[in-house]
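*Asks:* Fit chain G to the given chain W structure using the hints.
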Amino acid sequence: MQDLLDRIVGLFASIQKIPVEQVDPKADIFETYGVNSIRAVKLLSTLEVELDIEFPEEEMREIRTLEDVRDLSRRLLASQDPVTKSA
Amino acid sequence: MSGEPSRKKVLLTTIFRPFSVPDKYNTEGAERFLDYFSNRLTRESGLFSLHDNHPTVALYVLANNIEAHTTILETPSLEEYKAELEKGYDVLGITFLTLHFPKLVHMIALARKIAPQTRIVIGGFGTALYDLEDLDVAGISQKEGVSFLREFLDEVPDRPIEHPLLTFDVRLRLAVQAPQLGAKRCGIIVNGFGCPHACEFCSTSAYFGKRHVPFITTGDDLYDLMVRYDRELGVRDFIIYEEDFFLYRKQIDRFIERTRIDGAPFSYACYSTIFALSKYPLEELVKSGLSHVWIGVESEQSPFRKSTGRSVEELFAELNAHGVTTTGSIIAGLDFHKKDNLHQEFEHLASLFPSTVQISNLIAGPGTPLRARLESENRLIEGVDLKDSHLYSDTIAHPEFGRGELRELIFEGYEYIYQTLGPGLSRFLRTWFQGFETLRDSEDPRLRQRTEILRRRIQGVRPIFARTTGLLPNDGVRAEIRAALDRMEELLGPLDAAQTAYAEVVRQAFEEETARLEREGPHVYEPNLRRTEVRDGLFRPPPQPASGASPVVGLTA
Chain W
536 MQDLLDRIVG LFASIQKIPV EQVDPKADIF ETYGVNSIRA VKLLSTLEVE
586 LDIEFPEEEM REIRTLEDVR DLSRRLLASQ DPVTKSA
Chain G
3 MSGEPSRKKV LLTTIFRPFS VPDKYNTEGA ERFLDYFSNR LTRESGLFSL
53 HDNHPTVALY VLANNIEAHT TILETPSLEE YKAELEKGYD VLGITFLTLH
103 FPKLVHMIAL ARKIAPQTRI VIGGFGTALY DLEDLDVAGI SQKEGVSFLR
153 EFLDEVPDRP IEHPLLTFDV RLRLAVQAPQ LGAKRCGIIV NGFGCPHACE
203 FCSTSAYFGK RHVPFITTGD DLYDLMVRYD RELGVRDFII YEEDFFLYRK
253 QIDRFIERTR IDGAPFSYAC YSTIFALSKY PLEELVKSGL SHVWIGVESE
303 QSPFRKSTGR SVEELFAELN AHGVTTTGSI IAGLDFHKKD NLHQEFEHLA
353 SLFPSTVQIS NLIAGPGTPL RARLESENRL IEGVDLKDSH LYSDTIAHPE
403 FGRGELRELI FEGYEYIYQT LGPGLSRFLR TWFQGFETLR DSEDPRLRQR
453 TEILRRRIQG VRPIFARTTG LLPNDGVRAE IRAALDRMEE LLGPLDAAQT
503 AYAEVVRQAF EEETARLERE GPHVYEPNLR RTEVRDGLFR PPPQPASGAS
553 PVVGLTA
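Residue numbers (the working numbering), protein chains in the order written: chain W, 536 to 622; chain G, 3 to 559.
Any given hint might turn out to be false.
Derived lysine-lysine pairs resembling DSS-like cross-links, with alpha carbons at most 30 Å apart [claimed, not checked]:
id: 1; chain 1: G; residue 1: 26; chain 2: W; residue 2: 552
id: 2; chain 1: G; residue 1: 10; chain 2: G; residue 2: 89
id: 3; chain 1: G; residue 1: 212; chain 2: G; residue 2: 389
id: 4; chain 1: G; residue 1: 212; chain 2: G; residue 2: 281
id: 5; chain 1: G; residue 1: 84; chain 2: W; residue 2: 552
id: 6; chain 1: G; residue 1: 115; chain 2: W; residue 2: 561
id: 7; chain 1: G; residue 1: 115; chain 2: W; residue 2: 552
id: 8; chain 1: G; residue 1: 10; chain 2: G; residue 2: 145
id: 9; chain 1: G; residue 1: 89; chain 2: G; residue 2: 11
id: 10; chain 1: G; residue 1: 145; chain 2: G; residue 2: 212
id: 11; chain 1: G; residue 1: 252; chain 2: G; residue 2: 212
id: 12; chain 1: G; residue 1: 84; chain 2: G; residue 2: 145
id: 13; chain 1: G; residue 1: 84; chain 2: G; residue 2: 26
id: 14; chain 1: G; residue 1: 389; chain 2: W; residue 2: 552
id: 15; chain 1: G; residue 1: 389; chain 2: G; residue 2: 341
id: 16; chain 1: G; residue 1: 145; chain 2: G; residue 2: 11
id: 17; chain 1: G; residue 1: 145; chain 2: G; residue 2: 252
id: 18; chain 1: W; residue 1: 561; chain 2: G; residue 2: 26
id: 19; chain 1: G; residue 1: 89; chain 2: G; residue 2: 26
id: 20; chain 1: G; residue 1: 115; chain 2: G; residue 2: 11
id: 21; chain 1: W; residue 1: 552; chain 2: G; residue 2: 145
Between beta-carbon pairs, the in silico distance windows are [unchecked claim]:
id: 22; chain 1: G; residue 1: 480; chain 2: W; residue 2: 591; range: 45 to 51 Å
id: 23; chain 1: G; residue 1: 530; chain 2: W; residue 2: 539; range: 34 to 40 Å
id: 24; chain 1: G; residue 1: 119; chain 2: W; residue 2: 612; range: 27 to 33 Å
id: 25; chain 1: W; residue 1: 591; chain 2: G; residue 2: 243; range: 37 to 43 Å
id: 26; chain 1: W; residue 1: 549; chain 2: G; residue 2: 528; range: 32 to 38 Å
id: 27; chain 1: W; residue 1: 563; chain 2: G; residue 2: 368; range: 24 to 30 Å
id: 28; chain 1: W; residue 1: 591; chain 2: G; residue 2: 256; range: 54 to 60 Å
id: 29; chain 1: G; residue 1: 133; chain 2: W; residue 2: 560; range: 20 to 26 Å
id: 30; chain 1: W; residue 1: 565; chain 2: G; residue 2: 404; range: 26 to 32 Å
id: 31; chain 1: W; residue 1: 553; chain 2: G; residue 2: 252; range: 51 to 57 Å
id: 32; chain 1: G; residue 1: 368; chain 2: W; residue 2: 545; range: 27 to 33 Å
id: 33; chain 1: G; residue 1: 530; chain 2: W; residue 2: 545; range: 35 to 41 Å
id: 34; chain 1: W; residue 1: 602; chain 2: G; residue 2: 401; range: 39 to 45 Å
id: 35; chain 1: W; residue 1: 562; chain 2: G; residue 2: 90; range: 37 to 43 Å
Partial list, computed: chain G residues near chain W (C-beta under 8 Å) [to be verified]:
id: 36; residue: 26
id: 37; residue: 108
id: 38; residue: 111
id: 39; residue: 115
id: 40; residue: 134
Just so you know, these hints were derived from the structure itself, not from any lab.
Glycine is no exception: its CB is placed at the ideal position from the N, C-alpha and C atoms.
Okay, chain W solo, but in the shape it has when bound:
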């Protein structure tokens, strides 16, 4: 699942317009990178489209780090029907 985290980090870096190397997946994205609500929604919406998943609203509110995003995405992908997932 390192690939998934890499994708998330890469996407986050492009949204924040910072080099990938500067992104710490364990850091609080709001406090460390000053992410505003627009960038947060943009990150999650893009991931939803890219991964074909839907983040539940309550769980979106709990996200603080990119690892949180990765964990939630992984859970949602795993819960999808394998036939749908491969389609």
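*Replies:* Same frame as chain W, now just chain G:
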């Protein structure tokens, strides 16, 4: 820059449906925000509530004034939106409101995946939000949209703007399910944007930099547009979009003159202020076709310049006496509001006998002076969910009211108006009748012409109440409406055969809906997709049936 037709392909769209499914994009009942009547003006009226199917005017105005081939999508589903994107467009324009921001971001993400070559622009009042540059879209229209889009498409930006012919239907909300109840068709006229009154709270004024941006510049152009609607679509009733229509004296004086010279029996609804209305003898406006006016009363103690001039009580009384129906709107949560004086505001509003009302929460929209002031007073509530940003939202801390309290009080205010005055439609009827009684013996032929229009409206709507008074909210309202119906019978005679038949159709529809409501609960009015292609920058409305099997009576006159 080239004056040659660009023939680019442009997709203009609203945000996606559904609106009625509570989820991360929608709050409970969010579909009602699409409808002026059932969410605002007649939200409390039960089976007598009204409904309209307003088009997204800005998209048609844009499509009508660019050379590119344009497709308009209104309220697509996500699947419909995705399918349209796959057809390949040069430019995608999305219009949105603040509360729809999360949907906008999702639509942008989809467009980037499905059609990465398509350049994205966004517009609408939602663009007053902060930090939108973080969306990395190709363009953000934060001014008058036609010149913005022309510039974006490399077209000549300042060629004349042509107003498209656009209509909508007003009907009983129930008539969406029961089209036999008929509807009233109205033409839409966009006269201008922005407002120089620059009230502290006004998002529109802030959005246009406290300036008025005229769209139709002369009284002749305005009148000629009405003539075009009449000639091409047979429409003689209009809603005019302009924040304070009567403020622009030169245009209005000429418009009034044209109505006097040409004498066409047009009727128009508009928005205006006590300030501007105080500058005219009301009879002149009535003769020009004024049939409904929305006045921002705001408060019995309104501190705003727009509220200066005649006394608001006297003005509403005179409007009612001339058969001009009204919308009176007030704001809850002004600085001086307390629990006791807020109810006095509702009582004052009811005393004006407005035909419809709007009671909203004080909103500090982005860019407004109010927002700056409240920010400095540390009174903006942080972390408000954008999808819950609307007329009734709690976004400002008020020392007299707890969180959510004002919203509840606003809904109590709506209920108070309903219980005190009855449904909005009955107030329309009573006001038309009051005007009919006042004007029917006038020696002025133009006022008698207005009387004839009022008579037709009364005769159309009377039957709706003939057999349904049992459904009115209380004995007091029932007695008043029955007395009004009796007086109408005295002056206009008993219902004729067509009216009697229609009264029975209405009674049956109300009875069936009452039973259905008990079984199934409220009907959800989720809009359908409207897809329109505009070629060569020329929108013509498709032939439309007159709102189902249009009866000769009902909301049709």
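*Asks:* Could you run down the list of hints and mark each one as holding or not?
*Replies:* Results for each hint:
For the hint linking residue 26 of chain G to residue 552 of chain W, the alpha-carbon distance of about 27 Å falls within 30 Å, and the restraint holds. Taken as a hint, the residue 10 of chain G and residue 89 of chain G pair is honoured in the structure, with Cα atoms around 13 Å apart against an allowance of 30 Å. Taken as a hint, the residue 212 of chain G and residue 389 of chain G pair is honoured in the structure, with Cα atoms around 27 Å apart against an allowance of 30 Å. Distance hint between residue 212 of chain G and residue 281 of chain G is fulfilled; the C-alpha atoms sit about 22 Å from each other, no more than 30 Å.
Distance hint between residue 84 of chain G and residue 552 of chain W is fulfilled; the C-alpha atoms sit about 28 Å from each other, no more than 30 Å. About 28 Å separates the Cα atoms of residue 115 of chain G and residue 561 of chain W, which keeps this hinted pair within 30 Å; it holds. Restraint check for residue 115 of chain G and residue 552 of chain W: satisfied, since their Cα atoms lie roughly 19 Å apart, inside the 30 Å limit. Among the hinted pairs, residue 10 of chain G with residue 145 of chain G is consistent with the structure: their alpha-carbon atoms are about 22 Å apart, no more than 30 Å.
Restraint check for residue 89 of chain G and residue 11 of chain G: satisfied, since their Cα atoms lie roughly 10 Å apart, inside the 30 Å limit. Pair hint residue 145 of chain G plus residue 212 of chain G holds up; C-alpha atoms about 12 Å apart against a cutoff of 30 Å. Proposed proximity of residue 252 of chain G and residue 212 of chain G is supported: the alpha carbons are some 20 Å apart, at most 30 Å. The hinted pair formed by residue 84 of chain G and residue 145 of chain G meets the criterion: a straight-line CA distance of about 28 Å does not exceed 30 Å.
A threshold of 30 Å between alpha carbons decides the hint, and for residue 84 of chain G with residue 26 of chain G the separation of about 20 Å falls inside it, so the pair holds. About 27 Å separates the Cα atoms of residue 389 of chain G and residue 552 of chain W, which keeps this hinted pair within 30 Å; it holds. Of the pairs offered as hints, the one joining residue 389 of chain G and residue 341 of chain G holds, with about 27 Å between alpha carbons and a cut-off of 30 Å not exceeded. Under the criterion of a C-alpha separation no larger than 30 Å, the hint pairing residue 145 of chain G with residue 11 of chain G is consistent with the structure, at around 22 Å.
A threshold of 30 Å between alpha carbons decides the hint, and for residue 145 of chain G with residue 252 of chain G the separation of about 24 Å falls inside it, so the pair holds. Of the supplied pair hints, the one linking residue 561 of chain W and residue 26 of chain G holds, its CA atoms being roughly 26 Å apart against a limit of 30 Å. For the proposed pair residue 89 of chain G and residue 26 of chain G, the alpha carbon gap of about 29 Å is at most 30 Å, so the pair holds. As the CA atoms of residue 115 of chain G and residue 11 of chain G are separated by approximately 18 Å, the hinted pair is consistent with the 30 Å bound.
Only pairs whose Cα atoms come within 30 Å are accepted, and residue 552 of chain W paired with residue 145 of chain G is accepted, the gap being roughly 28 Å. Checking the proposed 45 to 51 Å range against residue 480 of chain G and residue 591 of chain W shows it holds: the Cβ atoms sit about 49 Å from each other. Range check, residue 530 of chain G to residue 539 of chain W: about 38 Å between beta-carbon atoms, so the 34 to 40 Å window is met. At about 28 Å, the beta-carbon gap between residue 119 of chain G and residue 612 of chain W stays in the expected band of 27 to 33 Å.
Taken as a hint, the range 37 to 43 Å holds for the pair residue 591 of chain W and residue 243 of chain G, whose Cβ atoms sit roughly 39 Å apart. Distance hint check: the CB atoms of residue 549 of chain W and residue 528 of chain G are about 36 Å apart, consistent with the given range 32 to 38 Å. Distance hint check: the CB atoms of residue 563 of chain W and residue 368 of chain G are about 26 Å apart, consistent with the given range 24 to 30 Å. Distance hint check for residue 591 of chain W and residue 256 of chain G: the Cβ-Cβ separation is about 58 Å, which falls inside the suggested range of 54 to 60 Å.
In this structure the supplied range 20 to 26 Å holds for residue 133 of chain G paired with residue 560 of chain W, their Cβ-Cβ distance being about 24 Å. As the Cβ distance of residue 565 of chain W to residue 404 of chain G is approximately 28 Å, the hint placing it in 26 to 32 Å holds. Between residue 553 of chain W and residue 252 of chain G the beta carbon distance is about 55 Å. The supplied range of 51 to 57 Å therefore holds. For the pair residue 368 of chain G and residue 545 of chain W, the beta carbons lie near 31 Å from each other, so the given range of 27 to 33 Å is met.
Checked against the hint of 35 to 41 Å, the pair residue 530 of chain G and residue 545 of chain W passes, with Cβ atoms roughly 40 Å apart. Between residue 602 of chain W and residue 401 of chain G the beta carbons are some 42 Å apart, a value that agrees with the proposed interval 39 to 45 Å. The given range of 37 to 43 Å is respected by residue 562 of chain W and residue 90 of chain G, whose C-beta atoms sit roughly 40 Å from each other. Against a cut-off of 8 Å between C-beta atoms, the interface hint on residue 26 of chain G holds, since the closest Cβ of chain W lies about 4 Å away.
For the restraint placing residue 108 of chain G at the interface with chain W, the shortest Cβ-Cβ distance is roughly 5 Å, inside the 8 Å limit, so the hint holds. Checking residue 111 of chain G against chain W: minimum C-beta separation of about 4 Å stays under 8 Å; hint holds. Below 8 Å, beta-carbon pairs count as interface contacts, and residue 115 of chain G has one with chain W at about 5 Å; its hint therefore holds. Taken as an interface hint, residue 134 of chain G checks out: its beta carbon lies about 7 Å from the nearest beta carbon of chain W, inside 8 Å.
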